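**Student:** For the numbering used here, add 27 to where a residue sits in the sequence shown, where the first one is 1.
Think of the hints as simulated: they come from the structure by calculation, not from any bench. No experiment lies behind these values; they were computed from the predicted model shown. Ideal Cβ positions, reconstructed from N, Cα and C, are used throughout, including at glycine. Take these hints with a grain of salt, some might be off.
Claimed, not checked - What follows is a set of in silico ranges between Cβ atoms, one per label pair, in the way DEER data are often shown:
id, residue 1, residue 2, range
1, Ala204, Asp276, 41 to 47 Å
2, Thr104, Thr222, 19 to 25 Å
3, Ala50, Gly231, 30 to 36 Å
4, Gly65, Asp125, 23 to 29 Å
5, Asp172, Asp125, 31 to 37 Å
6, Glu116, Gly270, 18 to 24 Å
7, His288, Gly231, 19 to 25 Å
8, Asp125, Ala50, 22 to 28 Å
9, Tyr108, Asp35, 39 to 45 Å
10, Ala50, Arg117, 16 to 22 Å
11, Arg117, Gly287, 33 to 39 Å
12, Arg155, Arg205, 36 to 42 Å
13, Arg233, Tyr126, 15 to 21 Å
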Amino acid sequence: MNSLTMNDGCAIPQLGFGTCRIAPEATAAAVAAALETGYRHIDTATIYKNEAGVGQAVAESGLARTDLFITTKLWNTDQGYDTALEAAERSLELLGLDYLDLYLIHWAQPALGRYRTSWEALVELRERGLVRSIGVSNFTETQLDQIIGDTGVTPVVNQIELHPYLTQTRMRAENSARGVLTEAWSPLGNGLVLTDPTLKELAGCRGIGVAELVLAWQLAVGNVVIPKTETPARMASNLAVQGLELTPDEIAAIEGLDRGHRLGGNPAEGDLGAPEYSDRPTFTPTEQARG
Numbered sequence: 028m029n030s031l032t033m034n035d036g037c038a039i040p041q042l043g044f045g046t047c048r049i050a051p052e053a054t055a056a057a058v059a060a061a062l063e064t065g066y067r068h069i070d071t072a073t074i075y076k077n078e079a080g081v082g083q084a085v086a087e088s089g090l091a092r093t094d095l096f097i098t099t100k101l102w103n104t105d106q107g108y109d110t111a112l113e114a115a116e117r118s119l120e121l122l123g124l125d126y127l128d129l130y131l132i133h134w135a136q137p138a139l140g141r142y143r144t145s146w147e148a149l150v151e152l153r154e155r156g157l158v159r160s161i162g163v164s165n166f167t168e169t170q171l172d173q174i175i176g177d178t179g180v181t182p183v184v185n186q187i188e189l190h191p192y193l194t195q196t197r198m199r200a201e202n203s204a205r206g207v208l209t210e211a212w213s214p215l216g217n218g219l220v221l222t223d224p225t226l227k228e229l230a231g232c233r234g235i236g237v238a239e240l241v242l243a244w245q246l247a248v249g250n251v252v253i254p255k256t257e258t259p260a261r262m263a264s265n266l267a268v269q270g271l272e273l274t275p276d277e278i279a280a281i282e283g284l285d286r287g288h289r290l291g292g293n294p295a296e297g298d299l300g301a302p303e304y305s306d307r308p309t310f311t312p313t314e315q316a317r318g
């Protein structure tokens, strides 16, 4: 399993398994299949409502805790210093874990005015040993600079929407300039890019699927990537791309497909809203796209 070293010295498996939009009752089976296939990096979030299922699969896997890398995320309605501390403890309880490998602020939500104190809480969680590494998701460069300036602690990753129709070249550079790894959510554009003619041609020349080609590109440009699937065969084919090397021309062709097409909200536009969710939420199309 290929890994990257984060700015705190910890390693993160570059290819993980995403659980966004996996129903709570299906999560344990899906994660168990992923672990059996060979995944060791599992990404979940409070808003996915499936942390308990992830925890069940981990507990039943028989794998050593030190062999696993588990990420979850602080949701918008839990932002704030005290509430963030409480939310992390709830997530740990649901996951059945003593510590998280990575904890992220899911969205900055600047209109709430709490992401800076939330970051301070994440720093405290790391100091307590409840979290090994801390990062953010869907942050702009300005928001990164604010929390770094406030605490002197740089996020290890910034998880952002990133796929061939939204290559995020500038934001990737901004992350890199600060020593922050870029992690891609919705790496296949929620399936949108799978029918792209250019990608189909490139994949056909190699005798692979478009999904494999796109994931290989994500890895080639240095992103951490967390594709989601509930199909064991697809889990295996996704994992197998780690040995696939693309040429500079192939990478350039994929990068050239960028059209600034977002499936989720644009962090640069400020407050993205924080809708109320029931215990069994029905996601809107925009929320479905979020990773």
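**Student:** So, for every hint listed, does it hold in this structure?
**Tutor:** Status of the hints after comparison with the structure:
no. : hint                        : result
1   : Ala204 - Asp276: 41 to 47 Å : violated (27 Å)
2   : Thr104 - Thr222: 19 to 25 Å : violated (36 Å)
3   : Ala50 - Gly231: 30 to 36 Å  : holds (34 Å)
4   : Gly65 - Asp125: 23 to 29 Å  : holds (24 Å)
5   : Asp172 - Asp125: 31 to 37 Å : holds (33 Å)
6   : Glu116 - Gly270: 18 to 24 Å : violated (40 Å)
7   : His288 - Gly231: 19 to 25 Å : holds (23 Å)
8   : Asp125 - Ala50: 22 to 28 Å  : holds (27 Å)
9   : Tyr108 - Asp35: 39 to 45 Å  : violated (21 Å)
10  : Ala50 - Arg117: 16 to 22 Å  : holds (20 Å)
11  : Arg117 - Gly287: 33 to 39 Å : holds (37 Å)
12  : Arg155 - Arg205: 36 to 42 Å : violated (25 Å)
13  : Arg233 - Tyr126: 15 to 21 Å : violated (40 Å)
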